[in-house]
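> Chain A is already provided as a structure; the job is to place chains B, C and D on it using the hints.
Chains as they are written, first to last, in the numbering used here: chain A, 1 to 263; chain B, 1 to 263; chain C, 1 to 263; chain D, 1 to 263.
Hints listed in this document are in silico derivations from the structure and should not be mistaken for laboratory results. Check the hints yourself; a few may be wrong.
Any copy, or any two copies together, can satisfy a pair, since identical chains are not distinguished.
As the list claims (entries may be wrong) - BS3-like mimics (lysine-lysine), calculated; alpha carbons at most 25 angstroms apart, straight line: (1) Lys238 <-> Lys194; (2) Lys194 <-> Lys242; (3) Lys242 <-> Lys142.
In this text the structure is predicted, and so the values were computed from the model without any measurement.
There are 4 protein chains.
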Amino acid sequence: MSETKTNPNSWTTEITDIQPNRVAVRGYDIARLMGNVSFGAAVYLILRGELPDEKIGRLMDAILVSSIDHGATPPSALAARTVASTGASLSASVAAGIMSINESHGGAIENCARQLTLIITRVHETGSGLDDVIETVLAEMKASGQRMSGFGHRIHTDDPRTARLFELADEAGVCGPYVEAALAVERVFASSGKRLPINVDGAIGALLADLGFDYEVMNGMFMIARTAGLVAHVNEEKTRQKPMRKIDPVDHSYDGHPARDLP
Amino acid sequence: MSETKTNPNSWTTEITDIQPNRVAVRGYDIARLMGNVSFGAAVYLILRGELPDEKIGRLMDAILVSSIDHGATPPSALAARTVASTGASLSASVAAGIMSINESHGGAIENCARQLTLIITRVHETGSGLDDVIETVLAEMKASGQRMSGFGHRIHTDDPRTARLFELADEAGVCGPYVEAALAVERVFASSGKRLPINVDGAIGALLADLGFDYEVMNGMFMIARTAGLVAHVNEEKTRQKPMRKIDPVDHSYDGHPARDLP
Amino acid sequence: MSETKTNPNSWTTEITDIQPNRVAVRGYDIARLMGNVSFGAAVYLILRGELPDEKIGRLMDAILVSSIDHGATPPSALAARTVASTGASLSASVAAGIMSINESHGGAIENCARQLTLIITRVHETGSGLDDVIETVLAEMKASGQRMSGFGHRIHTDDPRTARLFELADEAGVCGPYVEAALAVERVFASSGKRLPINVDGAIGALLADLGFDYEVMNGMFMIARTAGLVAHVNEEKTRQKPMRKIDPVDHSYDGHPARDLP
Amino acid sequence: MSETKTNPNSWTTEITDIQPNRVAVRGYDIARLMGNVSFGAAVYLILRGELPDEKIGRLMDAILVSSIDHGATPPSALAARTVASTGASLSASVAAGIMSINESHGGAIENCARQLTLIITRVHETGSGLDDVIETVLAEMKASGQRMSGFGHRIHTDDPRTARLFELADEAGVCGPYVEAALAVERVFASSGKRLPINVDGAIGALLADLGFDYEVMNGMFMIARTAGLVAHVNEEKTRQKPMRKIDPVDHSYDGHPARDLP
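If we strip away everything but chain A, and leave its shape as in the complex, we get (with noise of 0.2 angstroms):
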């Protein structure tokens, strides 16, 4: 008698299923989701493992584009271009960017989100209202050096993209607790006469939360964007520049297509 020896190291992934002649993903065939949900819907559905309505696959488009580049500045394009510049490969030269996605770039998203949870938690607990509950956090945050993710950023007084972000989630109903504790944390700095708006990272990491997403995929969205913009920067760095170029971080201007507006 023979028996069997099972490998210990035999593992299970909930995310893709792989058969002759068919992938599905989430359950889904991957044939049937081409050319029926958009980009966008099914990174929703890759991370959160069910399909969106078609409002929320539109707003989760939405946010990916609002992320897919913000030009030279970035450290992402900076580190992709400089490593691009040694002659590396497309892939490693993308990875180097995406190596730069942390804490202090892109990184407000799940801050962002978890700083509005710990006032949300704070508001149910105490039954204080919402603007003290922030002003108390404010306050103690300052005490112990942090500050606030996710509001004011060194280019923009206001972020073109936030607005839009907000509205797009009016329509698909999708503005929740997090939205609102958001804004109330921009009412708040306003009334202490801050100047500190809801930036991009800081929308995005609201909307995530109230969509639902765990904090831990949320810089995920950033890093899904930004590779398009990336891939950009690194082909333009190949095409356009020499080898080994000092790149300067400040000293860059545009010089593509003018504005214009969409057909």
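Structure of chains B, C and D alone, referenced to chain A:
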């Protein structure tokens, strides 16, 4: 009198214009793009410089959806999980996956497009028929130890994504000489008794070439799509598995949602 | 009148001075260092700012040699090989290996040093005996779900590198309170029936702490040493294996030069 | 009767043998290597399979010391610092630096060795004199838009590391046809009025070729050495600089220990 000292490292970019309270990708205000174009269309825009029409935008989404994940079998998923299992950050783990997209994984997109160009050019130059040229080219490749990229698959004998992509491309009216040549290669293989159907990489390579993409960014499409799958794999590794486990590249199975159809 | 415009991004570094025809590391002409100090001594210099004496220089070399490779078992070797098998460059493949050196792989060096500091500080603060403090600290760790880093090994019950490192450290006269504390932890484990001897990471952590290294660069010693092993693994993968193979993390064996002694 | 099922993915490695309580690199017990050979000698062993004699071991250390760092000017240091400034881990930041070692940075080592091989082979095949062959080869290169790697430097007109390396190589008795050819190339350049002396990369390429290293691992020597410098740069960035600063690639200076001589 003062002289203006010019910075020799000053440089320009054509991708995105960043001004206070304004972000414009290839000339289009990003807030206008958000909600009005899909992410697939925005990817086309950032890589090509122009917005696609709606049908091509939808095809772009379908291409991205087709490549979003392929389970735990590809080296990109295994590399990302291996790095994640050591306690690496989400961004470093995903980056390791991106770094695995090269010549032998994802690279068939670009390679297939280049090889089809060779065939198409030869037809134009010699005036010979497409199938004759392909027979000659395949014989030359065999003699020099090369092989045609984008045909056949380790797992799928009839890749479900290929037929769907060509169907959608047909609807969008973009099938041109590259798709024609790819189908002819498949036919020539078949007539010599070889079952080597176009795989998803070959199909994407042919379509991107017919759409006019530069070879250099073609594999970038795969990176953009797959980043989503990699985020899902890294998150699953961190939440469902123990650190430093031995990740078996073969002995894994799917235990996620059972097969289901679109709503 | 002209004003001098200061660049707000101007910055300084204390590591290496580059002048035409002169490179000086921490003040020492690199051409003078070459041939006069070992690489281990140069690593000490660049990380600490001062040259070590000759015995400590030799100990640094021994630490680097001890970590140069650990075969095909560690995730860094597997990640580097997985990326290499896709056709990645040597540098991208080695980088994927480096990215795997974190909390759960190599990280015990820093963690062990930090935990030993806790023990040593507690002895100073309370005036209690070393073994008593260790018993208390281990009990606290157990209660809070933590575990002592740098003790025990998946493969070695008696790590051959540990004894040798302590022997060489003893010759160099650098064993101080950290090595003493590490040996005491091992003893306390043993007296409670647990066979958890100091492993090579724990030994290096204790030694680097006794030498006065900052915690933040400790795992860097492991990265420097292991880069050599990773170059060897990537080169072997590329020369002895086929692209895209399934890299089994367990079922591999050694077929190199048989055991031999130093000449 | 039971059959033994063979794992088709079983594989072997020639680098390091791992047994319980025994680690042997290329056949040598690692505990025996520790304290008895320098890290440079161990690097030679792991890359070549044999231990070098003592003089060559010392030369290996000198090669590693020569490449340990080149200040803040190279793209590897800038990429590592850019990634570090976003809050990335030490290992991810160092990895970004390693990924920058390619064709245009560090790659001259391998390229120079390959080009010198071409020259040496041509001498053997044609029976012509070395200088004549070099003149022809340089003319051919110029005609095809290539340039000789390993000669000239952006900063150094007379690289202090080159002379020292050749001096030590001479002492070790390893200068062979590659060093001879490199010196001849320098001479031919000079006789045509071009001041393009051998730089440190060219010198290392010639020496590694004379030592018999495979081309494929040559740039690996640079990666091993530079990992030490990258650890120092990343640590300095994290301890002396603010997150997300604009890292100027030109406007930086040295403020470390003043010039000093060996004790």
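> Is it within a copy, between copies, both, or neither that the alpha carbon of Lys194 lies no farther than 25 angstroms from that of Lys242?
Between copies only: 23 angstroms across chains, 44 angstroms inside a chain, cut-off 25 angstroms.
> How would you label the pair Lys238, Lys194 (within, between, both, or neither) given a Cα cut-off of 25 angstroms?
Result: close neither inside a copy nor across copies, 43 angstroms intra and 29 angstroms inter.
> How do Lys242 and Lys142 come out at 25 angstroms by Cα distance, when the copy is not named: within, between, both, or neither?
Cα proximity of Lys242 and Lys142: across copies only (19 angstroms, versus 46 angstroms in one copy).
Against the hints set out earlier in the document, a violation occurs for number 1 only.
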